[in-house]
Amino acid sequence: MGRERGSNIELLKIIAILLIVVSHFTPKYGDPALPSYIDLKQATVSVQGLLLVLFDYFGQIGNCLFVVCSAFFLVDQDQVKGKKILDVVLDCLFISVLSFLLHRCLGVSVGLEDTVRSFLPVSSGNCWFICCYLLLYAIHPGLNLIINKISQKQHLTIVCVMAALYSAEAFLPLVYYYYNDLAGFVEIYFAVAYLKRYVPSWRTKNWDRGVFLACAASLLGLIVATGAIGVRISAFSNQMIRWKLFVNPLTIMMSLAAFGMALKKPFICRPVNYVSGESLLIYIITEDYLFREMEKPRLWLSIYRAFSYRYVVLWVLLLSAAAFAAAVLIASCYRETVQKPLRRLSSRLSERLGALWGSLLDTLTAWK
1 MGRERGSNIE
11 LLKIIAILLI
21 VVSHFTPKYG
31 DPALPSYIDL
41 KQATVSVQGL
51 LLVLFDYFGQ
61 IGNCLFVVCS
71 AFFLVDQDQV
81 KGKKILDVVL
91 DCLFISVLSF
101 LLHRCLGVSV
111 GLEDTVRSFL
121 PVSSGNCWFI
131 CCYLLLYAIH
141 PGLNLIINKI
151 SQKQHLTIVC
161 VMAALYSAEA
171 FLPLVYYYYN
181 DLAGFVEIYF
191 AVAYLKRYVP
201 SWRTKNWDRG
211 VFLACAASLL
221 GLIVATGAIG
231 VRISAFSNQM
241 IRWKLFVNPL
251 TIMMSLAAFG
261 MALKKPFICR
271 PVNYVSGESL
281 LIYIITEDYL
291 FREMEKPRLW
301 LSIYRAFSYR
311 YVVLWVLLLS
321 AAAFAAAVLI
331 ASCYRETVQK
341 PLRRLSSRLS
351 ERLGALWGSL
361 LDTLTAWK
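Letter by letter, the sequence shown follows residues 1 to 368 of this note's numbering.
Incorrect hints may appear among the rest.
With a Cα cut of at most 30 Å, we get these calculated DSS-like pairs of lysine-lysine [what the hints assert, rightly or not]:
no. : residue 1 : residue 2
1   : K28       : K41
2   : K265      : K205
3   : K340      : K83
4   : K149      : K81
5   : K205      : K264
6   : K84       : K28
7   : K205      : K149
8   : K264      : K153
9   : K264      : K28
10  : K153      : K205
11  : K149      : K83
12  : K84       : K149
13  : K153      : K83
14  : K205      : K83
15  : K196      : K149
16  : K340      : K81
17  : K84       : K205
18  : K196      : K81
19  : K265      : K196
Since the hints were derived computationally from the structure, they do not count as laboratory data.
Working from the sequences, and respecting the hints, build out all of it.
Rendered as structure tokens:
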């Protein structure tokens with residue numbers, strides 16, 4: 001038996017996924033012409049409008065927090081398991097294809113592009129976060145090799161340069177240094193590695209609480225200020241989600257501070273660890289492409305027609321809670337049934353692909 005995982009970090013991963021689910025259940029999907037559609041980019045100063053925008057920001061905060069949790073453990077691992085990558089890919093593929101088949105069985109018309117996306121859920125960008133997560137996992141031994149070879153000053157230089165190039169983009173819209181989401185993952189990875197190696201106070205002192213509150217207040221103030229300016233100046237009227245970036249420095253600092261607080265509160269709880277083990281499945285289920293593009297707009301249109309949007313914030317929270325609970329239940333059933341034969345298939349595929357890859361490397365390295 002392995003050592004039980006610390007539930008403090010696992011709980012943080014659950015919170016991260018819950019934040020992502022909340023952001024995915026704002027009424028921002030579907031045809032903008034629908035009366036139920038809300039354009040979250042448009043400036044607002046109403047409490048309800050600002051809360052919806054804040055909920056939308058939760059997604060990137062949750063993404064960043066999840067990467068911080070994963071990076072903390074990956075910086076001490078130097079091996080990539082191909083089976084682990086195949087496990088996630090097969091989970092994405094099965095759930096996406098099952099959703100496609102259910103829609104077709106119910107008579108829903110699915111276009112060619114949506115069909116292709118359903119059968120290529122990872123590479124087509126349906127689950128951008130899953131794709132970047134797997135890519136980070138695949139390259140992390142190389143990142144660790146760099147981290148282990150460089151000095152503290154060189155490491156800090158990399159962190160500062162990446163922050164200047166990419167995180168500064170959140171506040172300097174005319175600056176662009178060929179950013180992509182994987183670069184954001186790598187930036188966070190180097191930052192976590194630096195803190196873990198060279199900043200022991202991250203685990204011992206309580207400065208992180210002040211940093212978290214200051215960054216959270218700054219982000220909230222930025223959102224409110226953007227709305228206040230936007231309702232007065234038309235040039236800024238559609239900038240409400242301008243700061244909703246994965247590498248927003250406030251988002252990164254909040255995530256690092258939240259992780260630091262969690263490190264100081266260790267505990268063990270098996271139910272928490274069990275649900276945390278389903279975190280990626282919960283993400284895949286709640287963010288299924290066809291469900292997102294077809295069913296969420298229909299759901300919000302039904303709510304709008306039946307109840308109006310007087311309590312839309314409450315509806316977002318209720319739907320998010322229901323979706324999270326349903327996804328946990330579905331993921332549990334999936335793990336006990338379909339996932340078992342898929343794991344056996346993954347094992348066989350990883351062995352064969354590993355052998356082929358080894359043969360290819362032997363051939364290439366022998367080529368003079």
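What are the numbers of the hints the structure violates, in ascending order? 6, 9, 13, 14 and 17
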